[in-house]
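Colleague: Take the two lone chains and join them into the complex the hints point to.
For the record, the sequence lines run as chains A and B.
Numbered per our numbering, the first sequence spans residues 1 to 276.
Numbered per our numbering, the second sequence spans residues 1001 to 1205.
Derived by calculation from the structure, the hints in this document are not laboratory data.
Do not rely on the hints blindly, as some may be mistaken.
Okay, derived cross-link-like pairs now, DMTMM-like style, lysine to aspartate or glutamate, Cα gap no bigger than 25 Å in a straight line [what the hints assert, rightly or not]:
{"#": "1", "chain 1": "B", "residue 1": "K1131", "chain 2": "A", "residue 2": "E274"}
{"#": "2", "chain 1": "B", "residue 1": "K1065", "chain 2": "A", "residue 2": "E274"}
{"#": "3", "chain 1": "B", "residue 1": "K1016", "chain 2": "A", "residue 2": "E274"}
{"#": "4", "chain 1": "B", "residue 1": "K1016", "chain 2": "A", "residue 2": "E242"}
{"#": "5", "chain 1": "B", "residue 1": "K1131", "chain 2": "A", "residue 2": "E232"}
{"#": "6", "chain 1": "B", "residue 1": "K1016", "chain 2": "A", "residue 2": "E232"}
{"#": "7", "chain 1": "B", "residue 1": "K1059", "chain 2": "A", "residue 2": "E249"}
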Amino acid sequence: MPAGPTPQTLPPELNQTLQGVARLTAAMLLVDGDAPTMFGEPEGECPMMNSRDDLPLSLRMPLRDIVRGMTGIAGLGEKAVRNVLTVLPQPFETSLRSAIVELEAAATRFLKADITQGEIRRATRFVVGEGDDAHCCLRVLAYGWEQLQTSRRNTPELFSETIAATRLAFDRKTGTLDTGIVHACGLFDVLRRSGAIGLPPGLPVQRSAAEQAEVDVNLFAVMLWLLAVRPETLVADQSLLELSAVLTEVHRTAVISAIGNAEALAFQFAGLSEQL
Amino acid sequence: MTHDLGLSGAHQPLHKSAQRLRWFVGAFEAQMVRTSSETGNRYGVDQAALGGVFADWLKSFNAQKPDDSADNPAYVGFAAGLMLRTLIRRAPVRVISEPVGADKTNPAYFWPEGYLYVAFCLNVREMVLEKDFNGRQKPGNDLTDTRTWWSFKENVGQDAALAIAFLDLFAGDKPEWSTPELFRSGRAREIAKRFYRHETREQLD
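So here's chain B without its partners, still in its complex pose (with noise of 0.2 Å):
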């Protein structure tokens, strides 16, 4: 599920790449594009939808923006979340076509939108951390389980802010359930014992 989408940030760290809406797009694409191939699914875009996506996203994103360093990291994983609350507020994206008997109880079959969603934030999540922050995020087996993935899709169909926290459970840490929307200063330091080699040195603006 999880890949390099072969985007890099070119001539600035990534984390900045990502916050345009070029880069959101062209990788957006890239994991349909992947994510198609994997599974046989046909995926179909409204780009004017994907645009609102993004618009969206960033907006929340520079509304909870940490001041202390420390916590980038944990902000990457916490964005992350955001998008996926966003992306399945918005629903862009409709499938088109299955393969001919997928199997149902495969996530990727199970919710065929909400994989491609869930695919996209991992790996972005897992970019940014590694190339911007030295991190690696080592997902679980809740990304392959079928009970995990029918409580995902049945809660965030009732509040889509929980997909934070289930991205988070997704990436292999530990979710904040009770107030998924806020994020938690201080956090860093707690994930950053089992998951990063560094902290970050740059400033998320």
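Chain A extracted, bound-state conformation (with noise of 0.2 Å):
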């Protein structure tokens, strides 16, 4: 009778398996790109990683907001996953460990993937109503809202790109044709009204009226952050993030005052702007 598997290793086929699944999602990862279903094809490529050909373009935004909540869901609920994985058989937990950390680490890798200062620059241009690249403005904030959560270490909150754009596209159809910091303050309204911005659905999380002025302070950095004159290098235009948080924060109470008044939010983006 052949000897089964002892309790100190998984059995090859089930462990091949799992770490499978991780290489299989992980390799998914490495697509990127954008979908051109809502707003035409986008005006130039967006060159943050090595495209692959057998995934519909029109995959990759949801695929990248699928990412942003398994990541999303795992940094909130990582209690309850130790808490499941100490009662598995300890090879399962070993291989399942193993499979969590290298999808994570993909994941990471996908999330955090550097942009281009050609990108900001098509964000910039956007965010003013000056482009039509709709999806690399999305793909910039979404960059920019990512990175502003890990270094303010804030509760993980998600940015669709899928929910913005589907919003973004509607309202183009019913709205006006504003340039310059009106537009970049009906930007700013439609995608603080979106629902883009968000916990992953399902959890028992309710936002309070601090985190939701906490989603403000960010959203509003992250796009002013866009409306700057932009620096020379990109490890500056990165920089230049961090100290448009900064700025925000100074001037924090009048800008969740200005939030609803068109008027007032204009004369705080023009003028924050100004002085980054």
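Modeller: So this is what it looks like as structure tokens:
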């Protein structure tokens, strides 16, 4: 009779399956690009990572959101996951932990992939109503959002590019053709009301007024960053995002008071972008 | 103590660049590195407090900006004093360590944070005067005089506004001790005779 697995080893086929799932997901995360379905073809490629031709373009933006959801839930439910792992037999626990680590590492690489100066400039043009590359803008906004979430160690609130794009597409059909700061204020308002920023669905967590204010302040900071004069290097541009958060925090009370009042919000965006 | 921070105004006059947070933070960090290298002091900075310094300073700067362009060079000195006052009030820096056996009669070790603030303000003052107004700064002996530094630390501890007058003193300029927080129009012409080769053509806006 062939010997079964010992208590210290996992059946090879199960181990391979677990690792395979992790590697497959990791490989999928190496896909990038933007869905062309809502606004037409993007102005140019967003060459953040290697592209793969075997995944439909329309799936790439939602895929990024799925990854954000997975990593967000993992972050919030760390305790619960740890409890589940402890009741599993040792070999399962080890293999599952390894798979999760590999998956999280790939997800982090995927979501934290650096953006380019060209993308930031395209995003800036869109924010002031002078460009059509909404997907690139949302990708950059999501990047900025995630950078600030990490550096400020906030409760992880996700930025869904898909939801934001859907709302923007609707808004563009019914909205005006404003440009400049006025367009930026409109975009801020749309994003704020779109439901694109939030906790993963199903989590028993409700946002408090203080947490809503934190979301508003962070969103303002990311958009303020895009409204500022662009520095000459990417490193300087990335540092400018942190300074935007600092400046927004200094003027926190005025910024929060301005939300909901287009004129006051425009005043804050115009004044603070000059100072940044 | 004074030196070029290696920060130019790039595409605009320096006094314009200095009104942006990115320039201010870059210049301040450059000064910290330089002063640490020169003194052996190690400093830590609170970025949020530094942002607050900038915002407070800019508000004060804009509040008294002169209408007469002839006042602009003098306003550079006044603005540098406002910066020193704000840095002392907000205290964004703390010294983490000093060299073993540091001579406490040396201003750099008598008051390491104050020394850094003064160095920063004097250097920015000098840079703006030189690059934008073709002027110059002549720091006097007070800058290295221990008794002056004792007085400086004690007085600004009671009234931070006196930092404006002390910076003038350190810069070799005539201090206004009675109302240091008020900029006096026309002062430029008094000072220009002694310090500046040309007066400005530009508005400080």
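Colleague: Would you mind marking each hint as holding or not holding in the structure?
Modeller: Here is what the structure says about each hint:
1. Taking the CA atoms of K1131 of chain B and E274 of chain A, the gap is near 22 Å; set against the 25 Å cutoff, the hint holds.
2. Between K1065 of chain B and E274 of chain A the CA atoms are separated by roughly 17 Å; this keeps the pair inside 25 Å, and the hint holds.
3. Taking the CA atoms of K1016 of chain B and E274 of chain A, the gap is near 11 Å; set against the 25 Å cutoff, the hint holds.
4. Under the criterion of a C-alpha separation no larger than 25 Å, the hint pairing K1016 of chain B with E242 of chain A is consistent with the structure, at around 21 Å.
5. Proximity of K1131 of chain B to E232 of chain A is assessed by CA-CA distance (about 21 Å); at most 25 Å being required, the pair is judged to hold.
6. Between K1016 of chain B and E232 of chain A, the direct Cα distance comes to roughly 17 Å. Compliance with the 25 Å bound is thereby established for this hinted pair.
7. Restraint check for K1059 of chain B and E249 of chain A: the C-alpha separation of about 16 Å stays at or below 25 Å, so the hint holds.
Checked against the numbered hints given earlier, this structure breaks none of them.
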